[in-house]
Each structure stands twice: as structure tokens, then as C-alpha cells.
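Student: Sequence:
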Amino acid sequence: MESENRLSGVDIIILAAGEGTRMKSATPKVLHPVGGMPMLGHVLNSGRAFGASRMAVVIGPNAPQVTAYLERQPSAVDTYVQTERLGTGHAVQAADKFYADVNHCNIVLFGDTPLIRPQTLDRIKALLEGNADLVVLGFEPQNPTGYGRLLTEQGELIAIREEKDASETERKISLCNAGAMGFAPGVLDKLLASLTNQNAQNEYYLTDCVELARAQGLSVQIVKGDVVDAAGVNSRAQLADVEAMFQDRMRRQAMENGVTLTAPDTIYFAHDTEIEPDVTLEPNVVFGPKVQIMRGATIKAFSHIEGAVIGENAIVGPFARLRPGTDLGPDTKVGNFVEVKAAIVGKGSKINHLSYIGDARIGASVNIGAGAVTCNYDGFLKHTTTLGDGSFIGSGSLLVAPVEIGANAYVATGSVITQDVPADALAFGRARQTNKDGRGASLKENLRAAKAEASKRK
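According to numbering that gives the first Met the number 0, the sequence shown is numbered sequentially starting from 0.
Take these hints with a grain of salt, some might be off.
Subject to a maximum C-alpha distance of 16 Å in a straight line, what follows is the list of computed EDC-like cross-link-like pairs (lysine to aspartate or glutamate) [to be verified]:
hint	residue 1	residue 2
1	K289	D277
2	K189	E305
3	K96	D188
4	K346	E311
5	K189	E155
6	K289	D271
7	K223	E155
Now the in silico label distances, taken between C-beta atoms and shown as ranges [claimed, not checked]:
hint	residue 1	residue 2	range
8	A25	P73	36 to 44 Å
9	R47	G257	51 to 59 Å
10	T82	T20	36 to 44 Å
11	E169	N256	52 to 60 Å
12	A448	Q291	23 to 31 Å
13	G129	P73	26 to 34 Å
14	R431	P73	41 to 49 Å
15	E167	R47	41 to 49 Å
16	P276	Q200	18 to 26 Å
17	P276	A214	24 to 32 Å
18	T20	G154	21 to 29 Å
19	Q153	A25	30 to 38 Å
If you're looking for bench data, these hints aren't it; they were derived computationally from the structure.
This structure is a prediction, so every number in the text was calculated from the model and none was measured.
C-beta: ideal position from N, C-alpha, C; glycine also.
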């Protein structure tokens with residue numbers, strides 16, 4: 000092949016037609032999440048980050064959930080259906096109209112191998128840009144059982160032997176097939192035309208392309224990857240293993256980028272968590288999708304954060320919950336047992352303990368006392384609470400939305416506020432206290448007697 004043709008682009012084909020019966024789930028295997036995103040989404044993202052010219056996904060018949068997921072992708076993905084599940088080679092053949100472009104290289108990936116990195120795809124591409132006609136990604140797992148073995152001769156790859164077809168000697172080989180394969184322009188089409196199903200499974204193995212390529216005098220080379228790149232999922236246990244690998248990768252990346260993790264193994268990231276340097280994460284912090292944390296912030300122990308932006312030098316937790324739509328400004332504080340949802344909190348404002356703040360717009364330097372609640376839902380609609388700069392909300396106050404508290408206003412402790420409070424005003428919204436002399440003691444006696452009577456009836 001001419002090198003100028005090899006450089007014209009790389010197309011990616013992702014195989015996602017497996018039934019995933021071992022998952023025992025109504026959810027298609029490739030849609031099970033790792034780091035809060037379906038496995039198939041991880042592979043698509045790696046392809047985009049790598050710079051694929053085009054991408055295609057081969058799905059099984061009657062796969063509406065996978066089809067719907069692909070339709071929601073931010074960039075175009077071609078979809079092909081493998082009507083019968085007759086092996087990996089047969090699955091790729093379902094996309095024959097896609098790989099017919101003889102000017103592009105092709106890389107075949109698997110939708111249930113979510114942690115393959117763009118850097119690994121770059122290494123495959125580099126060999127295809129050189130003199131390789133076929134490139135196989137290999138790795139050396141601690142336990143090779145279940146994997147196809149890479150058979151070499153004088154340092155060259157001569158075949159991939161599926162374990163069910165391997166001899167005892169071949170099963171002792173530690174170098175295994177990771178699944179991903181790269182093909183120089185025009186090679187995939189040529190090799191697939193020669194595939195047969197003469198094996199123990201009576202299936203068309205994509206891996207047989209290695210021997211076919213050798214027989215045709217083509218160059219076959221190996222890229223050695225790591226265990227994480229090759230980790231595939233066929234069961235719930237393997238899904239948990241891959242999740243652990245993903246979390247370990249995210250933790251190491253965060254620390255390399257200047258984030259302090261005081262107990263790394265207890266921090267759980269989502270696939271898109273963004274954290275700037277000099278952020279500190281205390282133990283047992285869990286991130287859902289769409290979280291951004293700015294420089295200098297501290298997330299204290301046992302906090303759960305999802306769909307939130309946390310400003311510079313903010314402090315969150317311990318035991319805080321930030322739900323989607325939360326936007327904390329610089330120098331803010333959300334303390335223990337506080338829940339915030341769909342609320343913008345201005346610079347320097349504090350919500351220190353035991354409060355719920357939902358659907359709110361909070362200005363700068365606002366203090367919200369313990370047990371304060373924005374009553375945002377009337378049973379049908381959500382309503383907004385607005386707190387002006389410098390306002391003070393006393394402990395145990397209920398702010399019944401829609402309501403606006405003006406700048407520098409003061410809401411007295413224990414108030415129920417149902418009307419707007421002007422700027423600089425002091426608002427009381429509580430009933431007048433009444434004391435009944437001696438009634439406390441008689442009430443206790445009555446309650447004690449009622450309890451005793453109830454015990455007798457048991």
C-alpha cells in the first residue's frame with residue numbers, strides 16, 4: 000500500500016451486538032455504566048479523542064435501547080445490524096458498506112471493552128502508517144484463561160488461537176489477544192472475503208484474519224497494551240472489576256494534575272469529573288456526572304456531588320449533598336447535612352448546617368442558619384426563592400416560594416415567610432408564644448397514663 004493512502008484517515012468499527020446473557024439484565028450489555036456512562040459511550044469517546052475520520056457501530060437485531068443511545072450521540076455514528084450472531088468476523092461483515100472506502104485504515108474495537116485509550120489507538124495507527132498491513136493489540140493478563148493466545152514465530156505474529164481451539168501447549172502462552180485490530184486500507188475487505196467458520200464454534204472469527212494475512216504475504220504486527228486497555232466485560236463481576244480499574248485511573252490522573260486525595264481508594268469519580276489543581280478531596284466523596292470544581296476548593300468527607308459547579312476556595316461538607324443545577328460561587332460554604340439543588344449561591348455565602356436549599360438564587364455574603372428550608376414545591380410546580388446580598392436567614396426558617404428577601408434583610412429565627420421582605424427589613428413570621436402555667440406537668444401525667452394503658456392492652 001502507498002503511504003500517502005495510509006495517511007488519508009482512520010475509520011473505527013465498534014462491535015456491540017453481543018447479547019450479554021451472563022449479565023442477566025434487561026439492559027443491553029454495552030449500555031451498562033462505568034463511571035456513570037455506558038461502556039459503549041467510553042469507546043465512542045476514545046474514538047473521538049483519537050480523531051477517527053468516521054465511526055460505525057454494529058448492533059444486534061431488536062436493540063432499540065442501543066439504537067436510541069446512538070441517536071443521542073453528539074456526532075454522527077453509522078449503525079449496522081448483525082441479523083444473526085455468527086461470530087466477530089461476521090459482525091464486521093455487517094458493516095461492509097462502511098469499510099468499503101479503500102483509502103482509509105480501519106480499527107475494529109469492542110463495545111464491552113470500555114477503557115481502551117486514545118493513546119493506544121495512536122500506537123496502532125502509527126504501525127499502519129508504516130509498513131504494517133494488520134496490527135493486533137496484545138496484552139499479558141495475570142490469568143490468561145478465556146483469552147485467545149497470540150502465536151508468534153521468531154518474533155512475528157503468525158496466528159491467534161481461541162482458547163477452545165488451542166492445544167495444551169498453546170494455552171500456556173501468556174501473550175493474549177486484547178480484541179482491537181487495525182487494518183491498512185483495503186486489507187479488511189480482502190481478508191473478510193476469505194473467512195470461513197471451520198472451528199469449534201462454527202463461527203466466523205475476526206482473529207482468523209491473522210493467518211489469512213500471513214498466507215497472503217501481508218505484514219502482521221503486535222502492539223502490546225496494558226491490562227486496563229484490554230479489560231472486557233461479560234458478567235457483573237467483570238463490570239465491577241472494570242469499574243475499579245476506571246476509578247484507579249481517574250484517581251491517579253487527578254493526583255498527577257495537582258489534586259489532593261487524602262484517602263484515594265475511597266473517592267469515586269464520574270467519567271466527566273473536572274477538577275482544577277489545589278483542590279482537596281477528603282475520604283468517601285462520590286461524584287455523579289457533570290461536576291466541575293475550581294482551584295482551592297475543599298470537599299470534606301462523605302459528600303455526594305452531581306451536576307454541580309463549585310467555585311474557587313469553596314468548602315463543601317462533610318455529609319453534604321449537591322444535586323444538579325447547583326452553582327457555588329467563590330469562597331462559599333455548604334456545611335454538614337445540607338442539600339442544595341438548582342441553586343446559585345453567590346460569593347462568600349454560607350449554608351452551614353441541616354438545611355435544604357432548592358430552586359434558589361442567593362446573593363453574595365448571605366448567611367443561612369441551621370434548619371432553614373426553601374419550600375420550593377407546591378405539589379405541582381417548582382418555585383424560586385431569591386435572597387439578596389448580605390441577607391440573614393435565621394435558624395429554622397421556612398421560606399415559602401415564590402418569595403424574595405431583599406438585600407441586607409433579616410429573617411428572625413423560626414419564621415415562616417410567605418411574602419416578600421424589603422431590603423434592610425426585619426421579618427417575623429411566627430405565632431405569638433403563649434405559656435400555660437402547670438400544664439406541662441399535667442400533660443406529662445396524661446401521656447404517662449395513656450402509655451401504661453396501651454401496655455396493658457398488649
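Student: Now tell me, hint by hint, if it's right for this structure.
Tutor: Hints and how they fare:
Of the supplied pair hints, the one linking K289 and D277 is violated, its CA atoms being roughly 20 Å apart against a limit of 16 Å. For the hint pairing K189 with E305, the CA-to-CA distance comes to about 49 Å; that exceeds 16 Å, so the pair is violated. For the hint linking K96 to D188, the alpha-carbon distance of about 10 Å falls within 16 Å, and the restraint holds. For the hint linking K346 to E311, the alpha-carbon distance of about 10 Å falls within 16 Å, and the restraint holds.
Among the hinted pairs, K189 with E155 is inconsistent with the structure: their alpha-carbon atoms are about 21 Å apart, more than 16 Å. Pair hint K289 plus D271 holds up; C-alpha atoms about 6 Å apart against a cutoff of 16 Å. As the CA atoms of K223 and E155 are separated by approximately 13 Å, the hinted pair is consistent with the 16 Å bound. Checked against the hint of 36 to 44 Å, the C-beta distance between A25 and P73 comes to roughly 26 Å, which is inconsistent with it.
Range check, R47 to G257: Cβ separation about 26 Å, and the 51 to 59 Å hint is violated. As the Cβ distance of T82 to T20 is approximately 18 Å, the hint placing it in 36 to 44 Å is violated. For E169 and N256, the hinted distance range of 52 to 60 Å is not satisfied, since their beta carbons lie about 43 Å from each other. The hinted window of 23 to 31 Å between A448 and Q291 is violated, with their beta carbons roughly 59 Å apart.
Checked against the hint of 26 to 34 Å, the pair G129 and P73 passes, with Cβ atoms roughly 32 Å apart. Between R431 and P73 the C-beta distance comes to about 59 Å, which lies outside the given range of 41 to 49 Å. At about 43 Å, the CB distance of E167 to R47 agrees with the hint of 41 to 49 Å. Between P276 and Q200 the Cβ separation comes to about 51 Å, which falls outside the hinted range of 18 to 26 Å.
Checking the proposed 24 to 32 Å range against P276 and A214 shows it is violated: the Cβ atoms sit about 54 Å from each other. A beta carbon spacing of about 39 Å between T20 and G154 contradicts the range 21 to 29 Å that was offered as a hint. Judged by the Cβ atoms, the range 30 to 38 Å given for Q153 and A25 is violated: they are separated by roughly 50 Å.
Checked against the numbered hints given earlier, the structure breaks hints 1, 2, 5, 8, 9, 10, 11, 12, 14, 16, 17, 18 and 19 and satisfies all the rest.
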